[in-house]
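J.: What follows is the residue order along each chain.
There are 2 protein chains.
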Amino acid sequence: MAQEAGSADGPSEVDVLIVGAGPAGLMMANWMSRCGIRTRIVDKRGTKIYNGQADGLQCRTLEIFDSFDFGHRAWIESNHMLEICLWNPDAKTGIIHRSDRIPDTIPNISRFQQVVLHQGRIERFFLDSISENSKRTLKDVPGWEDGIKVEHGVLPTSLEFDETLAENTDAYPITVKLRHLSEEEATPKQSATSLNGSGLQDGLFRSNLSSDDTQELLDKTKLLQAKAGREETVKAKYMLGADGAHSWVRNQLGFKLQGESTDYIWGVLDIVPITDFPDIRMRCAIHSESSGSVMVIPRENKLVRLYIQLTTTENAGGGQKADRSKINPESILASAQRILRPYKITYRYCDWWTAYQIGQRVGDSFSLKERIFLAGDAVHTHSPKAGQGMNVSMQDAFNLGWKVASVVNGTSNRSILKTYQSERRRIAQDLIDFDHRFSRLFSGRPAKDVLDEEGISMDEFKRAFEKGNLFASGVAVDYGASIVVAKSGDSTKQGDGTEVLGAEKLRVISNQGLAAEIKVGMRMPSFKVLNQADARPWHFQELLKSNGTWRVVVFAGNIKIPDQMAKINRLGEKLSSSASFLTRFTPPNKRYDSVFELLSVHSAPRQEVTIFDFPPVFHPWDDNDGWDYWKIFVDDVSYHEGYGDAYNNYGVNKEKGCAVILRPDQYVSWVGEVDDYESMEKFFSGFMVEQPGGRDRVGVNGWEGMSREINSIALPATDEAVVGTAAA
Amino acid sequence: MAQEAGSADGPSEVDVLIVGAGPAGLMMANWMSRCGIRTRIVDKRGTKIYNGQADGLQCRTLEIFDSFDFGHRAWIESNHMLEICLWNPDAKTGIIHRSDRIPDTIPNISRFQQVVLHQGRIERFFLDSISENSKRTLKDVPGWEDGIKVEHGVLPTSLEFDETLAENTDAYPITVKLRHLSEEEATPKQSATSLNGSGLQDGLFRSNLSSDDTQELLDKTKLLQAKAGREETVKAKYMLGADGAHSWVRNQLGFKLQGESTDYIWGVLDIVPITDFPDIRMRCAIHSESSGSVMVIPRENKLVRLYIQLTTTENAGGGQKADRSKINPESILASAQRILRPYKITYRYCDWWTAYQIGQRVGDSFSLKERIFLAGDAVHTHSPKAGQGMNVSMQDAFNLGWKVASVVNGTSNRSILKTYQSERRRIAQDLIDFDHRFSRLFSGRPAKDVLDEEGISMDEFKRAFEKGNLFASGVAVDYGASIVVAKSGDSTKQGDGTEVLGAEKLRVISNQGLAAEIKVGMRMPSFKVLNQADARPWHFQELLKSNGTWRVVVFAGNIKIPDQMAKINRLGEKLSSSASFLTRFTPPNKRYDSVFELLSVHSAPRQEVTIFDFPPVFHPWDDNDGWDYWKIFVDDVSYHEGYGDAYNNYGVNKEKGCAVILRPDQYVSWVGEVDDYESMEKFFSGFMVEQPGGRDRVGVNGWEGMSREINSIALPATDEAVVGTAAA
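Order-wise, the sequence lines are chains A and B.
Heads up, the first sequence is in UniProt numbering, so the first residue is 1 and it goes up one at a time.
Heads up, the second sequence is in UniProt numbering, so the first residue is 1 and it goes up one at a time.
One thing to keep in mind: the hints can contain errors.
If several chains are the same, the list does not tell them apart, and a pair holds so long as it fits within one copy or across any two.
Claimed, not checked - Straight-line alpha carbon distances no greater than 27 Å define the calculated DSS-like cross-link-like pairs of lysine-lysine that follow: (1) LYS139 to LYS302; (2) LYS302 to LYS177; (3) LYS326 to LYS149; (4) LYS654 to LYS139; (5) LYS344 to LYS177; (6) LYS545 to LYS302; (7) LYS302 to LYS135; (8) LYS590 to LYS302; (9) LYS560 to LYS344; (10) LYS448 to LYS177; (11) LYS135 to LYS590; (12) LYS545 to LYS590; (13) LYS682 to LYS574; (14) LYS682 to LYS493; (15) LYS344 to LYS462.
Derived from the structure by calculation, the hints contain no laboratory data.
The model shown is predicted, which means the values in this text are computed figures rather than measured ones.
Start from the sequences, fold in the hints, and give me the full structure.
T.: What follows is the structure, encoded as structure tokens:
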């Protein structure tokens with residue numbers, strides 16, 4: 001498969017073609033690698049990694065990384081931001097002073113907190129994960145033994161879509177021509193800024209102050225075609241355009257970004273600061289009296305990123321480009337020095353710099369017939385200071401990936417795909433609203449007093465910052481009612497307007513009151529529980545790895561109460577019948593937990609219970625591995641990591657429990673009574689595909705197997721000597 | 001440098017030659033890689049990795065791994081053991097039942113708990129660490145640009161030692177001939193056990209039931225010499241024999257292992273168990289009524305290790321080898337089945353098996369003239385069940401490594417090297433005493449009642465287990481008084497008998513009462529503190545990376561109290577004078593924190609303090625990086641990770657504080673008054689080497705530099721436009 005610019009063609013028929021290998025594209029490829037989907041991912045850029053492009057990682061993004069097993073890598077390498085210091089002009093002197101401190105991440109909303117890390121490292125984690133997982137999941141697929149590889153220097157040149165095939169599950173309605181560039185062609189020009197005698201990377205070529213270079217690349221390759229511009233044709237079932245704000249895919253589809261830009265221009269410097277400003281290692285929002293604002297973002301490797309306001313007046317007419325020739329590291333630093341007075345700041349090492357103009361835009365459509373999708377900057381652009389860009393982009397693809405994979409794998413029907421636009425376009429709209437308000441507050445001049453109506457109230461700014469922090473964490477996302485979110489209300493109002501409910505007779509509504517803090521539509525919160533079999537504490541989210549599996553979580557309550565145990569036994573019987581959804585929707589050649597994983601958390605005294613108190617379907621049998629010891633958990637105090645108090649924190653009754661359905665992306669689909677098998681059955685019937693031979697599957701539960709196996713063990717005679725004693 | 005058997009010779013002059021690339025040898029090489037010491041490490045075995053050889057990792061070992069930046073790798077991949085279940089015969093029926101549960105690791109003794117992981121993975125962590133760090137530290141040393149590589153299939157054949165050069169620091173008194181084997185020669189024969197039709201690795205070749213194969217390897221290579229047995233000669237300043245229980249190095253030195261063996265024979269099975277025994281994922285100690293004992297050690301990848309007693313009577317005469325021909329997986333399993341009755345157990349997959357005879361031996365000497373050292377199994381052998389072997393072996397080398405490195409690097413004189421034997425031989429003696437008692441209790445028949453004097457009391461067993469757990473954790477290690485441990489008492493009695501005090505006039509005695517829980521001679525305990533500059537919480541031990549640096553930790557107390565601040569200012573003045581130990585003992589071309597790192601933890605309100613309240617020596621200046629923001633910490637509540645309450649937990653007065661000296665291996669050397677500069681000076685003068693030019697070092701503290709640099713920043717005029725507004 002093509003890895004380097006100009007190398008051999010890849011497979012010409014793929015399940016998924018991804019255009020763009022930034023955070024959104026890599027997240028999509030990552031899902032595909034987990035789910036064994038034949039995928040190619042191409043990017044017009046060469047393999048060179050650039051400085052800059054750091055971004056905050058929200059706590060929700062770290063939760064997602066952790067579900068893909070590389071959360072710890074980001075956590076260890078990144079700089080952690082703990083506190084935000086607000087600096088404002090003193091009312092009398094006008095000199096800036098620290099007026100407030102607030103936690104950067106709201107305590108207790110996640111087991112992670114916001115951190116900052118170079119985007120190149122994040123891409124590295126994705127590349128490692130994609131390679132490792134796709135080699136495992138695709139190893140038996142002819143032509144795909146080497147797994148999924150990111151192909152750099154590969155540019156799509158034409159796109160055809162056969163609409164008549166859109167609803168034909170097995171069809172390849174998408175045809176794309178790909179052109180392979182040479183490494184030289186694929187490397188964008190950078191301004192060769194020289195500072196203190198050494199070359200310096202700038203990011204203006206990616207900034208919205210510069211124009212798109214796709215056409216330029218295309219023109220160049222036409223000229224050079226004889227030399228390197230080889231073309232191939234690829235047919236795909238699904239396609240993702242994750243190719244940035246100037247998205248070629250979006251342009252091909254004729255979709256538009258809608259919104260406006262302001263005339264506020266900001267500069268960015270990544271430096272090792274030399275300063276006497278005492279909060280340089282804190283995240284700071286600094287409003288000067290009349291010289292504009294600075295945001296300080298402390299980074300890894302002693303670096304600090306400064307977002308520095310370069311213009312202090314807003315021109316409502318808007319739209320003109322600023323005078324780029326005056327923007328350089330020296331002029332940006334001078335602005336920072338002016339704003340930070342009387343503190344002094346300079347640097348000897350600058351890692352990167354850029355400038356941008358604030359604007360907010362959102363795409364009018366996120367998909368063509370649920371076959372070609374757009375994600376990331378291709379459908380939303382905004383200012384970088386809130387640290388949202390990379391996070392929301394990755395979360396777009398995190399939302400889409402499992403849906404496409406389950407349709408390609410034949411476990412779900414296509415009805416779930418509409419929820420991508422419904423869920424994520426709504427988020428994009430919320431994001432640009434947030435960014436609009438936040439940017440205005442940040443770029444405005446501080447009010448001199450309460451009568452100064454043109455100025456920004458610093459109290460209002462603080463409140464907005466605190467509220468914005470919850471939004472920015474990513475954990476406040478609340479998806480609306482749909483075929484995969486069983487809550488009441490109008491799905492079009494709760495989403496972006498798209499109709500995403502299924503057949504009315506299959507609609508299920510949750511009983512939210514049974515688990516007040518497991519909110520339907522939001523991601524499953526995490527508290528610690530112990531594994532029943534080995535007493536090890538786990539954050540509940542750690543059990544919810546992103547592998548494409550739905551989870552049925554049974555909060556079994558106190559199973560020492562006979563009535564409750566009877567409920568669990570009856571549920572076990574229904575779940576293990578050959579007509580159950582577990583059986584019908586799981587392909588007969590797949591492992592018992594490949595489509596659904598049944599997890600339980602009980603609240604009986606741990607030391608009085610073993611896994612054998614539960615029906616076998618709760619700890620399934622495998623002929624080679626014996627019982628599964630990793631499905632049953634308990635709400636108990638740990639020896640070393642405190643008490644998760646999960647039932648109380650989830651708002652679940654400790655005696656009666658409840659049942660929960662979680663989507664493969666950890667979002668809550670349904671909450672109901674612990675033994676409400678019928679609602680589960682109805683919910684999954686809404687979009688799942690019955691598997692040929694599924695009903696004939698034997699031993700999902702395996703108690704037959706267990707008794708057969710265990711009974712076959714002949715015990716040796718009591719006193720038989722196996723090895724003579726040494727004295728013998 | 002030679003990496004593969006039979007490849008080119010490595011450098012012929014080295015600082016350190018290590019024989020044996022097991023855990024002890026790798027730990028030594030790892031230290032050398034951190035400290036930039038020219039080191040070769042050879043092992044007679046080939047590169048093939050074997051199954052089995054798992055071992056528990058104590059919490060102290062994980063702390064050490066973390067100090068080398070790979071603790072998280074072991075933590076993530078390993079199986080965590082949380083609880084020990086004791087199973088004993090019921091007094092009436094004789095049937096085994098769970099009689100007790102105890103935590104596997106005593107709560108609150110460490111931030112880690114005992115885990116189990118395949119030795120091959122641990123060796124991988126070491127190899128990665130050695131490679132990465134030695135490439136960094138040796139990159140400018142001619143001939144060593146590629147760093148340190150483990151050379152497999154390389155066997156020492158002769159050893160000469162020139163005693164007249166022993167005390168000459170720069171001399172190479174050691175001459176060793178190395179023979180390079182072919183891969184085939186270097187691969188030991190394994191029993192080709194076949195089970196269920198598939199080949200199966202056994203570990204008998206490494207067991208003490210089999211004899212040493214070194215002579216066999218030597219004979220073979222002599223025969224094959226024309227083909228592959230190439231020889232080279234290496235001269236070394238220092239040498240470590242970490243070559244196992246049959247140590248060739250020990251034999252060359254004429255040193256002996258002293259002790260005895262019992263006739264208890266145990267089998268070991270690593271299997272994926274198929275069983276109805278409910279505690280198979282717990283660590284279990286199971287005493288059957290009369291069929292012997294089993295210890296269950298749950299491992300990673302669904303594996304469980306069973307230690308299974310094969311003989312039930314002890315023969316005091318001892319020494320005969322058991323009938324090996326009767327020992328095989330089937331016979332070992334049959335013993336396990338007999339002991340576990342009425343529970344059933346079998347398996348389809350066996351990963352590895354072996355058998356061994358219990359014995360305890362310790363070396364009579366750990367070094368020849370403090371030039372050639374022995375570590376690990378070469379100087380102590382015992383039974384594996386307590387999970388001590390690999391841990392104590394690695395900790396031998398962890399104790400030795402920084403001492404050798406600081407002598408080779410010229411920062412310390414040779415007097416500190418004697419403390420290796422004093423400290424570690426004492427530990428080895430304690431270990432075999434512990435193992436002797438523990439093995440006897442574990443191998444004995446349970447007492448039927450209080451009158452059964454030949455049987456083992458299960459209450460006594462439980463108490464021994466609990467007490468043993470503290471010993472086994474590794475955190476109870478308490479090194480005696482010496483030139484590097486400033487405590488009172490007789491150093492020969494506190495160690496193994498070796499005299500390790502320096503000149504009496506330089507002896508310093510700690511004031512232990514100033515920090516009751518920072519015990520001189522023991523490792524520094526860890527509680528969370530916050531970085532003053534960015535509010536990030538750190539476990540204090542995380543700040544104590546193993547890089548060869550001594551730490552002076554100033555618990556500065558409440559610096560908002562003027563008298564206390566005055567003390568800190570006076571201490572700062574002394575520390576930053578050109579006559580201070582910081583200055584005199586740090587080479588002028590090295591960074592300010594290369595020999596000593598000055599860390600402080602204060603107890604004043606965090607929000608009322610900045611790092612600029614401290615004298616500059618506490619947050620040193622660098623011309624390129626500005627101030628150092630990673631040296632000053634505070635005892636404060638964190639936003640997300642609770643409250644370390646460090647002063648209270650360390651037993652330090654919150655107003656007055658104290659000062660602490662920590663060795664490069666995290667062990668506490670000294671505790672004294674916060675401003676007792678004179679004791680610090682005296683302590684370090686006992687063994688440190690004055691550096692030529694050290695006194696002329698300028699700007700350790702850098703306040704001159706800071707004012708020069710900061711004052712040179714010209715502030716721009718208030719209203720100067722840097723970039724025109726977009727409207728301009």
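J.: A separate judgement is required for each hint: does it hold in the structure or not?
T.: Evaluated hints:
no.	hint	in the structure
1	LYS139 to LYS302	between (42 Å within a copy, 23 Å between copies)
2	LYS302 to LYS177	neither (45 Å within a copy, 47 Å between copies)
3	LYS326 to LYS149	neither (41 Å within a copy, 52 Å between copies)
4	LYS654 to LYS139	neither (45 Å within a copy, 61 Å between copies)
5	LYS344 to LYS177	neither (55 Å within a copy, 62 Å between copies)
6	LYS545 to LYS302	between (33 Å within a copy, 18 Å between copies)
7	LYS302 to LYS135	between (37 Å within a copy, 22 Å between copies)
8	LYS590 to LYS302	between (49 Å within a copy, 20 Å between copies)
9	LYS560 to LYS344	between (67 Å within a copy, 26 Å between copies)
10	LYS448 to LYS177	neither (59 Å within a copy, 82 Å between copies)
11	LYS135 to LYS590	within (18 Å within a copy, 46 Å between copies)
12	LYS545 to LYS590	within (18 Å within a copy, 47 Å between copies)
13	LYS682 to LYS574	within (14 Å within a copy, 77 Å between copies)
14	LYS682 to LYS493	within (24 Å within a copy, 76 Å between copies)
15	LYS344 to LYS462	within (25 Å within a copy, 65 Å between copies)
Consistency note: the structure conflicts with the earlier hints numbered 2, 3, 4, 5, 10.
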